[in-house]
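**Student:** Taking the hints into account, I'd like the entire structure generated from these sequences.
Throughout the sequence shown, residue numbering follows the numbering used here, covering 23 to 99 in sequence.
Keep in mind that the hints were calculated from the coordinates and are not lab data. Careful: at least some of the hints might be erroneous.
[Said to hold, decoys possible] Just the calculated beta-carbon pair ranges, DEER-fashion:
| # | residue 1 | residue 2 | range |
| --- | --- | --- | --- |
| 1 | Ile77 | Pro54 | 33 to 43 angstroms |
| 2 | Val35 | Ile77 | 20 to 30 angstroms |
| 3 | Ala70 | Glu91 | 26 to 36 angstroms |
| 4 | Leu62 | Asp86 | 37 to 47 angstroms |
| 5 | Gly97 | Arg32 | 41 to 51 angstroms |
| 6 | Asn93 | Leu40 | 15 to 25 angstroms |
| 7 | Ala70 | Glu44 | 25 to 35 angstroms |
| 8 | Lys42 | Phe96 | 31 to 41 angstroms |
| 9 | Ala95 | Lys45 | 36 to 46 angstroms |
Beta carbons are placed, not taken as given, at the ideal position from N, Cα and C, and that holds for glycine.
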Amino acid sequence: MSSDTTTLFRARVPTARLRKAEKILDRLGMKPGDALNMLLAQIEIREALPFEVTIHSPALLAADQQGTEWNNAFGSY
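**Tutor:** Here is the structure:
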């Protein structure tokens, strides 16, 4: 992509979310547009989102692993 060609991108986001993000990005020396550009670059490179999107939360440990960890930490029950 040529750096001299840009497109104005507008999106509606919750005001509080934007303000909180701006404070964090400011500490990183960035603006929201910089972060969006980085996100879009990663999508382009990976041909996917740079993080998993799911409606299901995976179990942290399988049931048998949970039992083993419990026993190791607290003894048998």
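**Student:** List, from low to high, the hint numbers that the structure doesn't satisfy.
**Tutor:** Violated hints (numbers, rising): 1, 5, 6; every other hint is consistent with the structure.
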